[in-house]
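So the sequence lines, in the order shown, correspond to chains A and B.
Just so we're aligned, residue 1 is where the first sequence starts under full-length UniProt numbering, counting upward by one.
Just so we're aligned, residue 1 is where the second sequence starts under full-length UniProt numbering, counting upward by one.
Copies of the same chain look alike in the list, so a pair counts if it fits in one copy or across any two.
List time: in silico DSSO-like cross-link candidates among lysine-lysine, alpha-carbon distance up to 30 Å:
| id | residue 1 | residue 2 |
| --- | --- | --- |
| 1 | K300 | K68 |
| 2 | K343 | K51 |
| 3 | K295 | K88 |
| 4 | K300 | K290 |
| 5 | K367 | K51 |
Treat the hints as calculated values from the structure; they're not laboratory data.
2 protein chains.
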Amino acid sequence: MAVRFELLKESSECNARLGKLYTPHGVIETPIFMPVGTRATVKAMTPEEVKDLGAQIILSNTYHLYLKPGHKLIEEAGGLHKFMNWDKPILTDSGGFQVFSLGKLRKISEEGVEFRSHIDGSKHFISPEKSIEIQNSLGSDIMMALDECTPYPSDYEYTKESLERTTRWAKRCKEYHKDWDRQALFGIVQGGMYKDLREQSIKEITDLDLPGYAIGGLSVGEPKELYRDMLSFTAPKLPKNKARYLMGVGSPDYLFDAVISGIDMADCVLPTRIARNGTVLTSHGKLVIKNAEYKRDFGKLDPECDCYTCKNYSRAYIRHLFNVDEILAARLATIHNLYFLIKLMENIRTAIKEDRLLEYREQFYKKYGYI
Amino acid sequence: MAVRFELLKESSECNARLGKLYTPHGVIETPIFMPVGTRATVKAMTPEEVKDLGAQIILSNTYHLYLKPGHKLIEEAGGLHKFMNWDKPILTDSGGFQVFSLGKLRKISEEGVEFRSHIDGSKHFISPEKSIEIQNSLGSDIMMALDECTPYPSDYEYTKESLERTTRWAKRCKEYHKDWDRQALFGIVQGGMYKDLREQSIKEITDLDLPGYAIGGLSVGEPKELYRDMLSFTAPKLPKNKARYLMGVGSPDYLFDAVISGIDMADCVLPTRIARNGTVLTSHGKLVIKNAEYKRDFGKLDPECDCYTCKNYSRAYIRHLFNVDEILAARLATIHNLYFLIKLMENIRTAIKEDRLLEYREQFYKKYGYI
Chain A
1 MAVRFELLKE
11 SSECNARLGK
21 LYTPHGVIET
31 PIFMPVGTRA
41 TVKAMTPEEV
51 KDLGAQIILS
61 NTYHLYLKPG
71 HKLIEEAGGL
81 HKFMNWDKPI
91 LTDSGGFQVF
101 SLGKLRKISE
111 EGVEFRSHID
121 GSKHFISPEK
131 SIEIQNSLGS
141 DIMMALDECT
151 PYPSDYEYTK
161 ESLERTTRWA
171 KRCKEYHKDW
181 DRQALFGIVQ
191 GGMYKDLREQ
201 SIKEITDLDL
211 PGYAIGGLSV
221 GEPKELYRDM
231 LSFTAPKLPK
241 NKARYLMGVG
251 SPDYLFDAVI
261 SGIDMADCVL
271 PTRIARNGTV
281 LTSHGKLVIK
291 NAEYKRDFGK
301 LDPECDCYTC
311 KNYSRAYIRH
321 LFNVDEILAA
331 RLATIHNLYF
341 LIKLMENIRT
351 AIKEDRLLEY
361 REQFYKKYGY
371 I
Chain B
1 MAVRFELLKE
11 SSECNARLGK
21 LYTPHGVIET
31 PIFMPVGTRA
41 TVKAMTPEEV
51 KDLGAQIILS
61 NTYHLYLKPG
71 HKLIEEAGGL
81 HKFMNWDKPI
91 LTDSGGFQVF
101 SLGKLRKISE
111 EGVEFRSHID
121 GSKHFISPEK
131 SIEIQNSLGS
141 DIMMALDECT
151 PYPSDYEYTK
161 ESLERTTRWA
171 KRCKEYHKDW
181 DRQALFGIVQ
191 GGMYKDLREQ
201 SIKEITDLDL
211 PGYAIGGLSV
221 GEPKELYRDM
231 LSFTAPKLPK
241 NKARYLMGVG
251 SPDYLFDAVI
261 SGIDMADCVL
271 PTRIARNGTV
281 LTSHGKLVIK
291 NAEYKRDFGK
301 LDPECDCYTC
311 KNYSRAYIRH
321 LFNVDEILAA
331 RLATIHNLYF
341 LIKLMENIRT
351 AIKEDRLLEY
361 REQFYKKYGY
371 I
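Bound-form chain A, shown alone:
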């Protein structure tokens, strides 16, 4: 079944919207946060645990899976869903973001990007066609077109050149992809911090008439005000009847801004990464559980949370686990952080339904702290 987006409701207060995204592996209620499973596993979690938290879709990384264990091996295994035992939707990125993050290890041309593996230095080449070929092997429900995520800051000239190449690459991705019932392709809008370039990119990318569009090149180190400005300028200009995906955003405040600007999907390694370092998200703000003040604190991580971790373990216990470097520490913190964001998005969906999203945001920040 081809991926399609159904718009259920638009907020009367802001650009937020409720929707349903239909995919070959199930229907997703939006707006949604997508946990990241970089190497065919959401770090520290089993797929059942991720599902039990309420996650409806996960993201996996083409670059990492291409290098290890290799996309052909995953294809032989029956595709990524089967390989990793996850039967709900999967979105894969194009590999571009990681390749461009390699800095000096990569060389860009019209044809694609040549790069050296961060693991063993071996030479590789990813073209738009190659990215789709890899993602076809993985069998994700939603593939992303190869793009260049222009770094911040970038000058006008380079940003324009780059976004135009991104458009040409998106076309090549679309042409190369065949089985649209099995896998969808989303295009990515670039254009850096230049509004006219964002407009140009939106025009060019949406001309391709794809089932969904992402905004790339935001939340890449720019000041928060600039992020908010560019986001609220760009997101509402995307077609209403297509899914809108903001790449790489996962802190509560950035997610609120995203939803309020009309974003349907977002992903980030933030909740799982900070969890493994012992930082947890709570309704009263972030908490660094290793701190001495929690040594004899027998309360929950978050007094208002009813996740598995909060129902069964104390701050003192979790602090102890981090102190002695136990695997269970990462597990319990990851469960809690993912639950926090998934629950937040659930509350956000309810608030949109009841036309009280701005009020809910205010209530949230009052406890969480204004950022």
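Start from chain A and add chain B according to the hints.
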């Protein structure tokens, strides 16, 4: 409810026995393998997972918990069961084994052992009374008396001196402990590789009339034949109506020998430790999952296993997880290895019931390989 052992059946073929061990946190069917949760967690596992595998009791380590997070903190938390969210029986060792393993960092006297922490070098002193005080704080169902595990090899003179001190320490532990309804105390038989010293130790320790007895100082590096000889000499001499616990044994072959000699309980870090290094126990012997031969092997770890790991994941996937150092690798391998040993003991209990333990052992070795 005071801990007590009920002998249900003696094998007609060998010294193996079936029993029930009643504890304040539930009844244990013996013979049993006890997973180790050194620092108040069975490494990589949640308590629910350990329980779901069929584990009836776990072991935790007094030395480690005394240093971090400290037994007083665990007492404040409501005891070890509550602290770690495990409501089934717990056995704690005395701390002696770890202290004696410190080598030059410890100094033994009649009063007890002075040692330096392996973590920060701080000075500590554990006496028999202190060991019980700590274990009282932890609130384990079964405590172990402080003993010296004589290393292999040790000369006759030293072994004799040491076992006699172990007896005096066991007496002091018994005298110091008060609430026998809440916690039981097991004594430990030493005597190294000298049969007359083992007999002397059995005599002295069982004179204390405790609810259970352990055999210490075996499986400490001696040749396997010597282990089997000493074990089959010692175990049957322990009182029939008391639980018999062999410390530090967890490989299938050592467990078979233990049960056949009349042992009811055993523990070892082996299954969990080798799991984290990527070695798994299967009905066809050990398997090092990282090996290249499993790269494209889409079969189960063990074709005859129905654990969570084997039901859902391929060798190729688990190998990939180990290769990229994912936490899930340790989790899946640990689940499998613990299940393997717990299931083995379940099969052993059934075989004893049906008087075909020796036949079952033969069947097992035929596939597993003779060791």
